[in-house]
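Quick note, the sequences are listed as chains A and B, same order. Numbering (the UniProt record's numbering) for the first sequence: 1 to 198. Numbering (the UniProt record's numbering) for the second sequence: 1 to 433.
Take these hints with a grain of salt, some might be off.
Below are the DSBU-like pairs computed for lysine-lysine, each with C-alpha atoms no more than 30 Å apart in a straight line [said to hold, decoys possible]:
1. A:Lys127 x B:Lys109
2. B:Lys131 x B:Lys98
3. B:Lys52 x A:Lys197
4. B:Lys98 x A:Lys197
Residues from chain A that keep clear of chain B, each with C-beta distances beyond 12 Å, as calculated [as the list claims (entries may be wrong)]:
5. Thr25
6. Ser27
7. Ile54
8. Ser60
9. Arg91
10. Cys100
11. Thr114
12. Thr116
13. Thr121
14. Phe123
15. Tyr130
16. Ile133
17. Thr136
18. Ser141
19. Arg161
20. Asp193
Hints in this document: simulated from the structure, not taken from any laboratory. Idealized CB from N, CA, C, for every residue including glycine.
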Amino acid sequence: MVRPQNVHWFIATIVFFIGFVHANTESILYKVPHNFPLKKPRDSSTYARDVNLISSISLSGEAMSQITIEANTTDLELHNTTYIELADLQRDETYQIKVCWSAIHPISINNLQTITIPRFTEFQGTKSDYARILVTFQVLSDSYPSEHAMVPIQVSLITTRLGIPVDIYPTLIVMVLLVAGLVVTRAPHVLNDLLLKF
Amino acid sequence: MLAGLTLYFVLFRSIQYLLVFLTPVRQFDTSTALLLNELCSSPTEINSYWNKYFWNKLLAWDAVFFIKNMTSRNGRPQFEHEYAFSQLWSSLVRLVTKSNSENIYYVLKVAVAMENVLFYLSGIVLYFLTKKTFSHSKKQSQFSESIARKTSLLFFLTSAAGFLTSIYSEPLSFFLAFIGILSRESSISIPVSGQFDCPWRYWFSYSFISMICFTLASLNRSNCILLGIYFVFDLIELTKNRRLVKAICFPLLSGLLMLSALIYQQYYLPYRTFCPQRGEWCKSQLFPNLFITTTSLYSYIQGHYWEVGFLKYWTLNNLPNFLLAVPNIIILVYSSMYFSKIYPSYNLKPLVWITRVLVVTVCIFAHVQILNRIASFIPLHLWYLADRLVKTSDPKQMENPKGDDKIVKFYIYWLAFWIPLQTVLFAAFLPPA
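The following block holds chain B by itself, in its conformation from the complex (with noise of 0.2 Å):
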């Protein structure tokens, strides 16, 4: 299983890489080499054999924000709006380069391996939590691992796949998830005829690498704050079951510590840093002498210069944006459905809720096609898309395919060409990468 995953990750990433190598020097956006020229003294350097062809290329949208944060002498962001980008990410790109982290190529190559390995162990992480949610027998155990192969196997073909080709934070967030999500699955009683439990022996695994790791991948991109909704669902259980002390020991202990973490970094460390001479989102305290506003950095930061918020995003010439998300709009909302509805699964209840609370959130607030780059950090879609595919084994079935397995169909088709034109396009710095 893990040297067949491992040769198709290599092919897949192989031939991404190829395509980004035979993209015109030339980008859309030319701003790369004015970057270059302030971020690298040398020309030489600048204009060297691959560096031209290959690793330039890879510093185009966010990457920009990313590479300067991991060669800026302090480590810390020089202005308001990038506190937006993840200083968890940069600082482990930073702590690896320590000795050299002004080198800004020794820092990209660095920082495009440490993404590869991540989006690498994502994927064999979740390959063992589709197999732990799907089996819950014996007999079952052809069936997960069929559908845990498939699994990981789709995930190495997410449609986020042209952005981790180069130094984004999403695979640190999608590893943190997948290890967070099959800490809290095995440290959790499933009620076949019984009541769900959180036996003691499993306070740890819960209360600490769970929390953990969803407080960290919430950290590293905000949409993971999601995650969260695992401890308000196994909380509302465990209270409905009369285990109150289990309940506030597991995930109301949990639920706090993480949000505690949230507050910290999203309230307290930017009202330190720029209250209240900032002005603007300062001044919206709910308290007075109280660092808590009612508009955090991140949603001040994502408004005022991204223009983000509730239905700004519906005009018409957004149009094409909204059309790009479509495929994935469309995955998520039907794999919600098809695990809630046609095959519906108790353990996989919160997973459904976080998945639908994203696409709503997305949809109406959000610059809509930033779907397709962050929905990977849930399994539920590649579940939904692996599931039918274990289900239609007979290839011919798929020839004529009906229904569910009609959408699944377009959807693999829609991926063939996406990853590809999006991988060029990213390297031309190009929209709509």
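The following block holds chain A by itself, in its conformation from the complex (with noise of 0.2 Å):
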């Protein structure tokens, strides 16, 4: 029998090392202040001159959400930071915000941070009459010949339950069974015999 100790030793393994990821991915947690004032929804969002200008990730009724937006390597790191609104989050809870792109476009995400707007501040060319979550972060070329173009990037929001954000949790699942499986099947014996007698 699998017990509960060893599988929850094994799930807390695993999020441990997803707390180093290198490579290609960068991510930060962030949970909204028990007294943040949220937008409600017969609030008006932002001024109609401002549609566009800042892009945003909403949640609503989804666990998470992911944009794809074009960030322009070619600026200097003062002109090259990426702003995205963070919009129907809930009090009190823990996300993740995850920003991936392809290691076909040698870049580095720096300085990746949520920032609040207070409400009627202008911020960006753009005012808004409710406090704003924004996610930062400036993206960098760091190749040598350095690459100018539009890299895809993708920034993901997710929702975290027991500490782990949910879009895992499929993976962990899977992971659990076949250790599981592992375990039951006697697998590491089954294999020690086949060794021992082929």
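Please assemble the complex out of the two chains, which come individually in their own frames, going by the hints.
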């Protein structure tokens, strides 16, 4: 039998490793404060003139959502910051914000963080009558020769449950079932016997 | 023998590919979709049943760099760091797919097929290499047959098996390394009572076949440069025995040719391509107007882009990666001790040194967990495992193993969990594959 404690440790180990992802993924966790003045459905959104100035990811009724943006790697660092509004979040919930790009584009994502813009405050030429949560990051070329192109980048907003982003639950379930299957079928023992007798 | 090995190879690979299929479609790293959008113009093709549930999942981690190179128009790397990924392997796949090299799924399928064929052939070559290495007399033929079977089966269960479902360059190096070692093994006479010698009739198989195989294996995967230790060992032995002409015509000539090819690939070509406008590593010229730099392009790429360097990986947050490598570190260290102290074998001496140098180098300089992927070009640890398995013929003895047998049992048990998990982790683009 697989002990629940073993499964718990197994999941904890996987989650621990996810914290050290390098390669072409950057992620942060963000917890919405319990007293954050979230936008109500009846509230007006950004002013009409602001539409399309800042991209947004909305989680209305979904556990995760993602958008693909194109970032310019040719600009100088200061002018190269991307802002994305995170919409329809819940108070006291923790979310994972994950930025992925294909390794065929050698870039690095720097200063991935969230910022809060108070209501009626002008930001990047936009103004809103509700407080906004934005994720920001800088896209820098990290290669020789430098790449001068619009690089597609996927930004995902994912709800977490028990501290684990919900998008990896299906994979974790497959892995737990796999380990359980290996234990139940005594696969290591069978393999050992096979090698002894072969 | 061949039928049994083939059957198990097909069985193991089928289980692994079934696991790839069963891995959820949504990967942890979502960038494969971006890659496919750029390399494949047809969304219908990307989302077709088999591509969505199977083939797309094989384009994770370093496979991205290989597929980019295999499908590029000119077949040359676009960026400096892409030179770290074998051009030889990409060129070989391009050669096979030449008329259709821009169709990503066609290239992927051909490359996966070639990967499996090379992996399988490496196991078969290893079988003959093991038989050759362990059969010094007719009395030992039963033993060598048994150890060879187990070694090849263990090779198919390599700790790199998850990566080898995709289009990595390792199997090409395994194949070339084993052919090279076999060819060298067939060209020397091992001293039972006499002296180490390289008979002249074997000059071609030693100085041409072995040299070509070791050189190509090193050009493909730079860790195979350690195979050059064979030439250093043979040079020392022949010189000690005062066979100077043979020392020059066999190992010295072979070693120099191998070194020249590596200097050409690692120093001359990069210098001609990037310098002096690149700056950085170009500035570290050893002598003015000479292309030899103190830092090779490969070392520069590893250090600059992936923070590889002396003790750079020895940080607390890399502790899990060290833990991942522990089973292979233990088995490699024990195998080198086993064949040098407990059952010392003269013809395994160079391999013992290659194993030691590999372990120390990877632990000190590299991302240590890559040991799980690259170590299989050396068969010493497989021979150690197989030797213990042969000597522990009674399964009851293995129920309460002691000493070495305990280590062997632990390693096999670890493999039984690691290979399926690594396969799922790889297909899910999830660390720590």
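Check each numbered hint from earlier against the structure, then list the numbers of those it violates in ascending order. When the structure is compared with the hints, numbers 1, 2, 3, 4, 5, 6, 10, 18 and 20 turn out to be violated.
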